[in-house]
Amino acid sequence: MSRLFKIIAAIYTFLATSFASAESGFWSLNMPRGVTEVSNAVYDVHMLMMYICIAIGVVVFGFMFYVMFAHRKSRGAKAANFHENFTVEVIWTIVPAIILLGMAFPATTSLLKVYDTDNPDIDIKVTGYQWKWQYEYLGEDIKFMSELRTSQDEQYGRVPKGEHYLREVTQPLVIPTNKKVRFLITGNDVIHSWWVPDFAVKKDAIPGLFTSAWAKTDQPGVYVGACTELCGKDHSRMPVVVEVKEEADYYEWLAGKKAEAALYASTIGKDWSNDELMQKGKEVYGISCAGCHQAQGEGIAGIFPSLVGSSIVTGPIEDHIGILINGVAGSAMQSFADQLSEVDIAAVIHYKRNSWGNDMNDIVQPLDVLNYKQSR
Amino acid sequence: MAHGPSENFFTRWFFSTNHKDIGTLYLWFSFAMFLLGGAFAMIIRAELFQPGMQLIKPEFFNQMTTMHGLVMVFGAIMPAFVGLANWLIPMMIGAPDMALPRMNNLSFWILPFAFAILVSTLFMEGGGPNFGWTFYAPLSTTYAPDTVNYFIFGVHLMGASSIMGSINIIATVMNMRAPGMTYMKMPLFVWTWLITAFLLVAVMPVLAGAVTMMLMDINFGTSFFDAAGGGDPVLFQHVFWFFGHPEVYIIILPAFGVVSQIIPTFSRKPLFGYSSMVYATAAIAFLSFIVWAHHMFTVGMPIAGELYFMYATMLIAVPTGVKVFNWITTMYKGSITYETPMLFCIAFVILFTFGGFTGMMLSIAAADTQYHDTYFVVAHFHYVMVAGAVFSGTAAIYYWLPKWCGRMYDETMGKVQFWLAFIAFNITFMPQHFLGLAGMPRRYSDYGLQFADWNMVSSIGAFMYGGAQLLFLFNVIRTIGWGKPVEDPKVWEGADGLEWTLPTPPPFHTFSTPPVLK
Numbered sequence: 001m002s003r004l005f006k007i008i009a010a011i012y013t014f015l016a017t018s019f020a021s022a023e024s025g026f027w028s029l030n031m032p033r034g035v036t037e038v039s040n041a042v043y044d045v046h047m048l049m050m051y052i053c054i055a056i057g058v059v060v061f062g063f064m065f066y067v068m069f070a071h072r073k074s075r076g077a078k079a080a081n082f083h084e085n086f087t088v089e090v091i092w093t094i095v096p097a098i099i100l101l102g103m104a105f106p107a108t109t110s111l112l113k114v115y116d117t118d119n120p121d122i123d124i125k126v127t128g129y130q131w132k133w134q135y136e137y138l139g140e141d142i143k144f145m146s147e148l149r150t151s152q153d154e155q156y157g158r159v160p161k162g163e164h165y166l167r168e169v170t171q172p173l174v175i176p177t178n179k180k181v182r183f184l185i186t187g188n189d190v191i192h193s194w195w196v197p198d199f200a201v202k203k204d205a206i207p208g209l210f211t212s213a214w215a216k217t218d219q220p221g222v223y224v225g226a227c228t229e230l231c232g233k234d235h236s237r238m239p240v241v242v243e244v245k246e247e248a249d250y251y252e253w254l255a256g257k258k259a260e261a262a263l264y265a266s267t268i269g270k271d272w273s274n275d276e277l278m279q280k281g282k283e284v285y286g287i288s289c290a291g292c293h294q295a296q297g298e299g300i301a302g303i304f305p306s307l308v309g310s311s312i313v314t315g316p317i318e319d320h321i322g323i324l325i326n327g328v329a330g331s332a333m334q335s336f337a338d339q340l341s342e343v344d345i346a347a348v349i350h351y352k353r354n355s356w357g358n359d360m361n362d363i364v365q366p367l368d369v370l371n372y373k374q375s376r
Numbered sequence: 001m002a003h004g005p006s007e008n009f010f011t012r013w014f015f016s017t018n019h020k021d022i023g024t025l026y027l028w029f030s031f032a033m034f035l036l037g038g039a040f041a042m043i044i045r046a047e048l049f050q051p052g053m054q055l056i057k058p059e060f061f062n063q064m065t066t067m068h069g070l071v072m073v074f075g076a077i078m079p080a081f082v083g084l085a086n087w088l089i090p091m092m093i094g095a096p097d098m099a100l101p102r103m104n105n106l107s108f109w110i111l112p113f114a115f116a117i118l119v120s121t122l123f124m125e126g127g128g129p130n131f132g133w134t135f136y137a138p139l140s141t142t143y144a145p146d147t148v149n150y151f152i153f154g155v156h157l158m159g160a161s162s163i164m165g166s167i168n169i170i171a172t173v174m175n176m177r178a179p180g181m182t183y184m185k186m187p188l189f190v191w192t193w194l195i196t197a198f199l200l201v202a203v204m205p206v207l208a209g210a211v212t213m214m215l216m217d218i219n220f221g222t223s224f225f226d227a228a229g230g231g232d233p234v235l236f237q238h239v240f241w242f243f244g245h246p247e248v249y250i251i252i253l254p255a256f257g258v259v260s261q262i263i264p265t266f267s268r269k270p271l272f273g274y275s276s277m278v279y280a281t282a283a284i285a286f287l288s289f290i291v292w293a294h295h296m297f298t299v300g301m302p303i304a305g306e307l308y309f310m311y312a313t314m315l316i317a318v319p320t321g322v323k324v325f326n327w328i329t330t331m332y333k334g335s336i337t338y339e340t341p342m343l344f345c346i347a348f349v350i351l352f353t354f355g356g357f358t359g360m361m362l363s364i365a366a367a368d369t370q371y372h373d374t375y376f377v378v379a380h381f382h383y384v385m386v387a388g389a390v391f392s393g394t395a396a397i398y399y400w401l402p403k404w405c406g407r408m409y410d411e412t413m414g415k416v417q418f419w420l421a422f423i424a425f426n427i428t429f430m431p432q433h434f435l436g437l438a439g440m441p442r443r444y445s446d447y448g449l450q451f452a453d454w455n456m457v458s459s460i461g462a463f464m465y466g467g468a469q470l471l472f473l474f475n476v477i478r479t480i481g482w483g484k485p486v487e488d489p490k491v492w493e494g495a496d497g498l499e500w501t502l503p504t505p506p507p508f509h510t511f512s513t514p515p516v517l518k
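Going line by line, the protein sequences match chains A and B. For what it's worth, the numbering used here labels the leading residue of the first sequence as 1, then goes sequentially. For what it's worth, the numbering used here labels the leading residue of the second sequence as 1, then goes sequentially.
Don't take every hint at face value.
To be verified - DSS-like mimics (lysine-lysine), calculated; alpha carbons at most 25 Å apart, straight line:
| # | chain 1 | residue 1 | chain 2 | residue 2 |
| --- | --- | --- | --- | --- |
| 1 | B | LYS490 | A | LYS78 |
| 2 | A | LYS257 | A | LYS179 |
| 3 | A | LYS258 | A | LYS245 |
| 4 | A | LYS161 | B | LYS57 |
| 5 | B | LYS484 | A | LYS78 |
| 6 | B | LYS415 | B | LYS490 |
| 7 | A | LYS270 | A | LYS257 |
| 8 | A | LYS282 | B | LYS490 |
| 9 | B | LYS415 | B | LYS484 |
| 10 | A | LYS73 | A | LYS161 |
| 11 | A | LYS258 | A | LYS270 |
| 12 | A | LYS125 | A | LYS179 |
| 13 | A | LYS113 | A | LYS180 |
| 14 | A | LYS216 | A | LYS180 |
| 15 | A | LYS73 | A | LYS113 |
| 16 | B | LYS490 | A | LYS73 |
| 17 | B | LYS415 | A | LYS73 |
| 18 | A | LYS258 | A | LYS179 |
| 19 | B | LYS57 | A | LYS73 |
| 20 | A | LYS270 | A | LYS113 |
| 21 | A | LYS257 | A | LYS125 |
Stated by the list, open to error - Sample of chain B residues facing chain A (criterion: CB under 7 Å; computed from the structure):
| # | residue |
| --- | --- |
| 22 | HIS238 |
| 23 | VAL239 |
| 24 | ALA365 |
| 25 | SER445 |
Hints are computed from structural coordinates only; laboratory data are not their basis. All C-beta atoms, glycine included, are put in the ideal place defined by N, C-alpha and C.
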C-alpha cells in the first residue's frame with residue numbers, strides 16, 4: 001500500500017510541477033500563463049474550466065466505475081428492471097444547466113478583456129503573406145518583412161538542427177513594455193492567423209478584412225508564436241517572433257531603424273557590380289523565392305514554374321521586373337513591390353538571369369527597378 | 001415468391017436491391033476507406049515522428065492531412081453507419097426491405113466512383129487537394145491546384161449519395177414500420193438515424209452550395225470568396241460550418257444509437273430513459289444548427305456574435321449530459337458482462353465524455369484564443385470521432401455480425417483488439433492535448449524541437465492503433481469464413497428487439513409478412 005501511495009505521490013508531484021511551470025519546455029502539459037493581462041485572464045478561465053471538468057469527471061466516472069465493478073454478473077448481480085424516472089431526468093438536466101450558468105460569467109468577462117482594443121498607444125499593422133509576416137508601424141514610416149531564418153539544410157536533416165529550429169526569423173517584431181499595442185491584422189493572399197501564446201493573441205489574417213487584438217506587458221523578452229491557419233505548403237515555416245524591449249531601448253531601436261532606411265535610400269542610385277548583385281541576389285533568393293521555385297530554380301511541376309530557361313527569365317528585363325513588381329493575378333506569385341526593396345529586387349533578378357544555366361549577361365540596377373516603379 | 005440472392009456474383013452485388021447485400025457493400029466499402037484513410041494517417045504520423053522533413057515534402061503532407069480527413073469523414077464513418085442502417089433498420093422496424101431499393105443501389109454505387117475521382121487526384125500533376133478537409137477559400141479557390149475541380153465533383157457525388165441514402169431512410173422509417181411499431185416504440189438506433197437523415201437532407205445541399213460557389217469562383221470569374229472582387233473569404237467559413245457543424249452530429253448521432261442498443265443488452269436491463277434519450281437527440285440536432293460559428297472564434301466576429309455562439313455552444317452540454325447519465329444509469333443495478341461490444345461501448349462513454357469536456361473548454365471563446373487550430377482541437381475531435389464514432393461502429397460489428405452471418409467471432413481476439421485499440425488510442429491522442437496547449441498548431445508538417453517528445457509518443461501510439469485495425473479485419477474475415485456457428489439464435493442473452501426474433505443467420509428476405517408486436 002505504501003508503495004502505491006509513493007507512486008501516486010510521485011505522479012502528483014510530476015503533474016503539479018508541470019502545470020505550475022509557465023515555461024513551454026519539454027514534456028510540457030499545460031498552456032503558458034503568458035505575460036499580459038489578457039493571457040492571465042485566459043489562463044485562469046482555462047484552469048477553472050479544467051478543474052470543473054475534472055470534478056464532474058471524478059463524480060461521473062467514479063459512479064460509473066463503481067457500477068462496472070459492483071453490478072457485474074460474475075459477482076452474482078441480478079438485473080433490476082426499473083427505467084424511466086421523470087424526476088431524475090429533470091435533475092440531471094437542471095444541475096448541468098446551473099453549472100453552465102456559473103461558467104458563463106468568467107467566460108464573458110475574460111472575452112470582454114480580449115476584445116478591449118480601444119485607445120492603443122501604438123498601432124502595428126500585421127500582414128500575412130505566403131509564408132512570412134509584414135509588420136508596419138503606423139505613423140512611423142517603418143515597414144519590414146519577418147521571414148523564417150532556419151535553413152533548408154536544417155529542415156532536411158543535412159546539418160544538425162539549431163536550438164531555435166523553426167523559431168527564428170530574419171527580423172522580429174519589436175514592441176515596448178508598458179504600452180498598449182494594438183495589432184491590426186490582415187492577409188495578402190490566403191487566410192493566415194497570427195498567434196502569440198504568451199499574449200493570448202490569435203486573430204485570423206484575412207484578405208480584404210482587418211481583425212484586431214492587443215497586448216500590454218511589463219516583461220521584456222522574446223516571445224515566439226506561429227501561424228495557425230493552414231495557408232499552403234510552408235504553413236509551419238512562418239513563425240511569429242516578438243521582442244519586447246524596455247521603453248527606452250525600443251525608442252533607440254526605432255531611431256536606428258529610421259537611420260537604416262535613410263542610409264539604404266542612398267544606395268539605390270549607386271552602380272552595383274556583377275559580384276555585389278550576385279551575392280545579394282543569392283541571399284534574397286534563398287529567403288523570398290526558393291520556398292516555391294526551389295533551391296536550383298527548378299520549381300515544382302504543376303504548381304510552381306521552373307525558372308531555368310523560362311521565357312520571363314530569358315526575356316526582356318522590363319518584363320522580368322514587371323512580374324516581381326505586379327505579381328501574377330490569381331496565382332501564388334505575389335507582388336513583391338511592398339516586400340522587397342529596389343536593391344533586393346534588382347539583385348534577385350540579376351541572380352536569376354545568371355544562375356543555373358541561365359546566362360543573360362545583362363546587368364540589372366536598382367535604379368532600373370525604381371524607374372519601372374515610377375513609370376507606373 | 002421468396003427467393004435467394006442471384007447466383008451470379010456480378011448481378012448479385014452490382015444490381016442488388018436487397019438491403020442486406022447493400023448494407024454489406026456499404027460496410028466493406030467503408031472498411032476499405034478506413035484502411036486507406038488510416039494509411040494516410042500513418043504517413044502523417046511517420047513524418048511527424050521527429051522534427052525536420054524526413055519522408056515526404058510539405059506539399060504532399062498537406063495532401064495527406066486533407067485526404068485523411070475527407071476519406072475518414074465521407075468515406076469511412078458516414079458509409080459505415082449507412083451500412084448499419086441498411087442492415088438494421090428494416091429488421092428493427094419489421095419491414096421487408098428499404099422503401100426505395102433501386103435508389104439504395106444507386107446511392108451506394110455512386111460512392112466508389114466519387115472516391116476513385118477524389119483519390120485519383122493524388123496521381124495528377126499538381127497533386128490532390130491540399131487545403132485541409134475544411135477547404136477554406138481562397139486557399140481552395142484562387143490558390144488551389146487545378147485538380148480542385150475533381151475534388152468539387154467528388155464532393156457533389158458524395159452529397160448526392162448521402163441525400164439519396166437519407167431520403168431512403170426517412171421513407172422507410174415513416175412508411176414501413178410494422179403494425180403497432182409506433183414512433184415511441186422504435187429502437188433508439190432507428191430514432192437517431194431518422195433524426196440524422198433529416199440533418200443530412202438539410203445540410204448536404206449547403207455543402208453542395210459551398211463547392212458550387214467555389215467552382216464558379218475558380219472557373220467562371222465570380223467573386224463569392226475573393227476579396228479583390230468584392231467577395232468575402234469569411235462567407236465561405238459561415239457556409240461551410242453551417243454544413244460542418246451538423247455534419248459532426250450526423251456522424252455521432254447514429255453512434256449514440258448503437259451504444260443505446262448495446263449497453264442495455266449487456267446490462268440485461270432496459271434503457272433507463274428511452275423518451276428522454278429521444279428528446280435529447282432531437283435537442284442536440286436542433287442545437288447543431290445554431291452553433292456553427294464556434295469554429296470561427298478567431299475570424300474577428302463582433303463581440304455580440306461571439307458571446308451568442310459561446311452561450312449556445314455551452315448549451316449542448318445539457319442534452320449530451322442527459323445521454324451520458326442515462327447510459328450509466330442503465331448499467332446501474334444491471335447484471336453486467338463484458339463482451340467485446342460492451343467493452344467498446346464503455347470505452348465510448350468514457351472517452352466520448354472526455355471529448356465532451358474538452359469540447360466544453362473549447363466553447364469558452366476567450367480560452368479558444370489559445371486552443372483554436374492547435375493540436376488541442378485535433379485531440380478533441382479525435383476523442384469524439386475515433387473513440388466516439390469508430391469505437392461504436394466497431395462495437396456494432398461485433399454485436400450484430402454473429403446475427404448476420406450466424407457465426408461467432410473470436411472473443412479473445414476481440415478483447416485483445418479492444419485493449420490494444422483503447423491503449424493505443426490514448427497514447428496517440430492524449431499527448432496531442434499537451435502539444436496543443438504548449439503551442440503546436442495543427443496541420444504542421446514540421447515543428448520546433450520543444451514538441452519533439454510528445455510527437456514521438458503520439459506517433460508510436462498511432463502505429464499501434466493502426467495495427468489493432470488489422471487484427472479487427474482478420475477477426476471479421478475469420479468469423480465470416482470459419483467462425484463457430486452461433487448456438488442460441490438470439491445470440492446475446494440480454495438482446496431485445498425485432499431483429500433478434502429472426503432466424504440466425506437471417507434469410508435473404510425477412511419480414512415479408514409484418515411481425516405482430518406485443
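Each hint tested on the structure:
no., hint, verdict
1, B:LYS490 x A:LYS78, "holds (20 Å)"
2, A:LYS257 x A:LYS179, "holds (19 Å)"
3, A:LYS258 x A:LYS245, "holds (17 Å)"
4, A:LYS161 x B:LYS57, "holds (18 Å)"
5, B:LYS484 x A:LYS78, "violated (29 Å)"
6, B:LYS415 x B:LYS490, "holds (21 Å)"
7, A:LYS270 x A:LYS257, "holds (21 Å)"
8, A:LYS282 x B:LYS490, "violated (76 Å)"
9, B:LYS415 x B:LYS484, "holds (17 Å)"
10, A:LYS73 x A:LYS161, "violated (58 Å)"
11, A:LYS258 x A:LYS270, "holds (20 Å)"
12, A:LYS125 x A:LYS179, "holds (16 Å)"
13, A:LYS113 x A:LYS180, "holds (13 Å)"
14, A:LYS216 x A:LYS180, "holds (5 Å)"
15, A:LYS73 x A:LYS113, "violated (54 Å)"
16, B:LYS490 x A:LYS73, "holds (19 Å)"
17, B:LYS415 x A:LYS73, "holds (18 Å)"
18, A:LYS258 x A:LYS179, "holds (20 Å)"
19, B:LYS57 x A:LYS73, "violated (54 Å)"
20, A:LYS270 x A:LYS113, "violated (51 Å)"
21, A:LYS257 x A:LYS125, "holds (17 Å)"
22, HIS238, "violated (13 Å)"
23, VAL239, "violated (15 Å)"
24, ALA365, "holds (5 Å)"
25, SER445, "holds (5 Å)"
Violated hints, in rising order: 5, 8, 10, 15, 19, 20, 22, 23; the structure is consistent with all others.
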